[in-house]
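Chain residues, written in single-letter form:
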Amino acid sequence: MKKILVRENAYYDSVILMLATKALKQRSGIKEAVVAMGTEVNLGLLREIGLLSGEVESAKPNDLVIAIEAETEEAAEEACRIAEEILKKKDHGGGEEGYCPVSLDGALKMFPEANLVVISVPGPYAGREARRALNKGLHVMIFSDHVPVEEEVELKEMALERGLLLMGPDCGTAILNGKPLCFANVVRRGHIGLVAASGSGLQEVCCCIDRMGGGISQAIGTGGRDLQERRVRGRMMLMGIEALSQDPETQVIVVLSKPPSEEVVATVLSKLKDAGKPCVVHFLGRKPSGTRGSVRFSGNMEEAAAMAVAFSKGEEYREGCGTLSEAEIARRVEAEVNPMASEQKYLRGLFAGGTLATEAVALFEQEGFKILSNVRKEPGIALQSPHRSERHAIVDMGDDVFTLGRPHPMIDPSLREERIAKEAADPETALLLLDVVLGYGAHEDPCGPLGESIGKAKAQVAGRGGYLSVIASITGTEKDFQNMAEQKKKLEAAGCLVMPSNYQAALTALHVMRKVTARWM
Amino acid sequence: MGQAILDKRAREPLLPTLVGAGVPSLTGWGEVVSVFSRAVNARHSKGLLVSFVEDPHAMTCLSVCVPDLFRSQKNRLVPGDRVRFDEHRIATEDFVLDLLMRPIWQGALSPKDVEGFGASKVSLLKEALLLKGKDGGFLGLLRRDETDNPFVSKAREVLRGVQKAPLENAGLNSLSGLVGLGPGSTPSGDDFITGVLLGEETINLLLSTEAKAVAENMEPMIPWSAEEENLRVAMDRTSDAGKTLLWQALQDRFPNYLIETVRSVSQAKGKLEIDDAVERAVSRGATSGTDALVGFVFSLEGRLLRL
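So the protein lines, in turn, are chains A and B. Read in order, the letters of the first sequence correspond to residues 1 to 521 in my numbering. Read in order, the letters of the second sequence correspond to residues 1 to 307 in my numbering.
For the record, the hints were derived by calculation from the structure and aren't laboratory data. Heads up, a few of these hints could be off.
Quick list of the computed label-pair ranges, beta carbon to beta carbon [what the hints assert, rightly or not]:
no. : chain 1 : residue 1 : chain 2 : residue 2 : range
1   : B       : S25       : A       : R128      : 35 to 45 Å
2   : B       : S45       : A       : G448      : 55 to 65 Å
3   : A       : G44       : B       : E87       : 33 to 43 Å
4   : B       : E31       : A       : S120      : 25 to 35 Å
By construction, the Cβ of each residue, glycine as well, lies at the ideal position given by its N, Cα and C atoms.
Isolated chain B (complex conformation) (with noise of 0.2 Å):
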């Protein structure tokens, strides 16, 4: 029914400035489940949840952002509203977007984000997140100290399986095993996850051949071959919110937060601009920026110094 009536109703053609490189891709039936005030959610049938945004800075790869969408009182979503996604086209009962031909945004780093990376800025930015990193989620894992967080708890002793796993028997004991854990709708176990492929990503794009050679006989912080397939599977144990950012972490996509912070890292000129970069990715979502950072610290600290 659904279908005949998106159909048989002549909608207005919205254009947007800037799709998501993963949303073209997706075809089938949606349903909007949450709206904000520059945001609005909804979930494909594959449990991803597709953004419509307002502003570019809030892009993913499976965003689209679509400025008319917040200023027209004509088309709005709620939850519940049915959307068709069919390649090119969305469409709700009110409106159609035509992505047609409109510019992608890949979410992907490339090497020149990274030029400028250092072990030193590593250590910058490890004490900025100290000190402005918003306590709650993972950031106790930084810290080292006692803490009565359950979820910090939780998390080293699921990263300590991770430092002693042999790479045959990943399992449980991993990097997956923190998919889903943690506070907030995207739980902190996941941005967490998102920081280290994050990190993960900038070493190899870091890195010249050569040194990718040497790379290669270093022991990697996570076993990389088999934990790929946990990290697939164990994106079904977790929230569409968390889902949805492991999935395109997986492909190497990446919230443009999370670039802009490593680009305005790698470019920063003194301590400064790191702690504004820092303070910037921080305010995102109550702890998300903050735990992602401290994967991406973790991913990274120790491992460019020996490089």
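Isolated chain A (complex conformation) (with noise of 0.2 Å):
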């Protein structure tokens, strides 16, 4: 059985024809293969090993040509078929030294069926990229930074106008359709569709969701200003609940935002109450308040999630499900505050997720805390620096002062495993409360690295005859390919406290800060 497959000008790289005829020749039940271009002597030699069929004879020197024989029909369509998807790798810029499309319009060329794309170009350049995105009918994520606010209200108008998702600015997270996007964690497809102005924060909900036994639907993110930004008026937030509102599988939606405006705050919830599906809220820093018809509010990410999965199976929320018992909490403060020094006295977070800073700040906070951070921009409570820590201080470390011109501390741990060397030289520092987080595009290792710092600064502290509480939590989900469980146990290893959610390491730091605070004041 002969095969023949022609290309018109396919310019391929010559090492991605050797890699289709090598998996061509391979496979069992191929007699021969080749793959080379339809050259006036490659064709006569095809004719002389009797591989040359008429299709071929039109074949010209620019043209590739496949020419496979085989003991069966199948056999030839499976290998036709394996050399379409080899060369299609090579198209969507796979191989080493394969096609990189370096426009959107080369993108488009090699893969015409893509419907969303994601930009990360330098933020001047994102929106003209964006523009045309959208103008060609394109779902947008914008993965880039320091666009400007008129260019983001401008361009959420204009998907509006087309009825496409223009995620982002600033949007590092997403699951479209089952679909992870930039980074993002494996979890359990289901009935739950979120909405969320928070990177990190949607990758904690979402693996809560999947860690409680839920699924996801949908999870679309909006860019950190969507809501927070009044003149962005939570456009893609309304259009997201829209679409979760709509979609058959979604049925109970999940809101979350880092501290919204107010304006925009009523509007959200109108849409919401109008959704016709149970749904969750959650803003940070504001305290949940009660239920308003459909809608509840949540008063950390846990508790959303726990929420979502209980409505999502049509049950109850029953208040605490999820967290550590009192006596369970007390047991672990007393280890953790026992043996340190009568002069460590602060709470230092070092954090690679905003939202997850955010968080634990406004935990803090709440419990009548004065926390230092760079998440904060208000005088007073703004950190002078973000390179050095004063008093109980929370910093972001994926923050632009940190990550210009190195990677995110998510990708890169070296700049946080310095701060924690620079923390524990603090006689002061009493407990270093800290975050990982896993899923696609994170570090393949991140606790591996972690893990050594934090056992170097609690070596160090004990030295001085003091104890380093290190309290942390893992972002992420068993099928995350890090393996969870793994760097759990590295973690622990170096004697760090790891609990199951960031409100909850947040919240077991807050015990232990009491009792250190209540020893010293």
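Since each chain comes alone in its own frame, lean on the hints to assemble the complex.
Below you can see the structure in the form of structure tokens.
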């Protein structure tokens, strides 16, 4: 059985052609396979070895010819499919020297069925690319930051007019129809749809939902300013809610945002009330205010996940589920505080996720602690320099000041390792509160180097007669490629107390710090 | 219409760091046909590929080294984009390359490049090539054993014809019979011929005037007087990439990686350095580096000993 494929004007790298030939020849049932340009002499050779058919006679020197001789028709068909797959992979930028589109047009020529574009170019150019994509009828996710707010408004208006999503700017996470985009975790599919103006927050809630046995239908990112900036007026949040209300797979809607603008909150809540589905809302830094029709408010991200899972199962949410008992917390707190030296006074939070840092700051503030942080801009509570901790401090190390010219700490843990050493050198440091984010895009073994740094820091503090308490949470699932269980073991082996969620880690740290504070006040 | 578009738009001029010697002679239109992470190929209307490259090591005499093109988001090319060649200026819709007064890269071997060459080095080169060369192309020509590679069998058949062919009847059974033969977007035969021509140029530069006189009395591997014309005709029977390579080689211009290989082997003080040079060359493309070096060895083997 012979089969010939001809691709006109195919400018392929030789390595790709070689890979295709090798892959075909290795398949069982393949007697001969030739992948070569349709030059006169090559066609002559194919004729000589009996692979030439009428089809290939028309091939020209710049056409790619794939000639296969197989034992059966099925084997020949399968070989053709494999060859096409390899060449297509190259078309999509696969292979070391493969085609790597340098523009949207180039990418679309190679992958015309694409319906969503992820844009990650320097901020000043992101708007132009987004406009091009929207004009071509494509949904857009803008990973880039530093896009002016006026441009964000204009782009979101354009998207709304065309019925398209515009996620971002500065949108790092989404899961659409089961496809993770940028930083995202491998979560179970299900009936909970999320819209979030928060990247690491969206990851945290998705992972908590997965851990609690629920599943995700869609997870839409809007970019951090969508609800915070009154000029943007939650345009994409409203569109996301509308999309989820119409999505037959979505039974429960979760809305999540960093502290939103007051003007936008009312519009969002009104939209949710009309969604016709149970909704859970968590606005970071705002206390829950009970129930408004089908809309429930949660006090933290883990609780938002627990509520959503309960509603998706048609159950009532029972407060406190999923958190540790008071007695267990007390036991752990005792163990952390008792060995500390008297001069150890302060909390130091070093976070990779901005929303995770914000959640911790909010919890401590609610309980009366004054926390200095770079997630706060207000005078008096903003850290004077994010590079240097003062008193109780929580630092978002994913902030632009740390990532300018360096990878984000989710990707490269080295910057946080240095900072851990710095905090350990301060005799007033009592507790390190950390987050670890797993999933696509994140470091392949974040807890390996982090565990080593924690071990060294603890040894340093122990060397001067103290005890460094380290509490962390891991945002991830068992299905993430980093292996959640292994990552947790590495932190625990370093003497770190690993809690099941960011909220629980912050809460445990709060209990520890209350006790620490009581000792020296 | 394309002309009008190109002329109306204000475009930022980019300054290449190196310009291949063959580029400023080109005029007319071209079209971008392939885009890789560190190279963009535009097909000139003559069927030659002009490459815009990021790395000077990737130069040929039909390349322009313009690193800024790969660093800027603005100046991007995609397959199908029109390119206008206007001697010292290359224009696209988004940018203009100003070639005037830019350093020219000749792509030619110099006597200094070959001064350390000798028969012993060809033997070591062949040894290294047999050890490190990539299979799939024409490496089997050096092995001289049975092969299941139909391209190698065909090449042997053609080359046997070369050795037998009388000068006045080089015809199809000559080196030009290899044009377009073999796998790869640059067919192995084209790489092989380039290697042969590189070998001829090496010998040419290596010999003193007296030695040249001796060499002229020796039977050359290839009947050049007829063969050069045959190759020029045969160029139209291969792919654009193959044609581009042959067009340059027939003017004694070679890709930088081949020149660097000859230079490294010439300067090598021992086997290890030759091994390294071969290793670098064979990493080129799938089998391009291997096939060109097979041609190079094929051309030189025995002849240097006889001189």
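Here is how each hint holds up against the structure:
1. B/S25 with A/R128: 35 to 45 Å: This hint holds: roughly 36 Å between Cβ atoms.
2. B/S45 with A/G448: 55 to 65 Å: At roughly 57 Å between Cβ atoms, A/G448 and B/S45 fall inside 55 to 65 Å, so the hint holds.
3. A/G44 with B/E87: 33 to 43 Å: The hint (33 to 43 Å, Cβ to Cβ) holds, given that A/G44 and B/E87 are roughly 39 Å apart.
4. B/E31 with A/S120: 25 to 35 Å: holds, 28 Å
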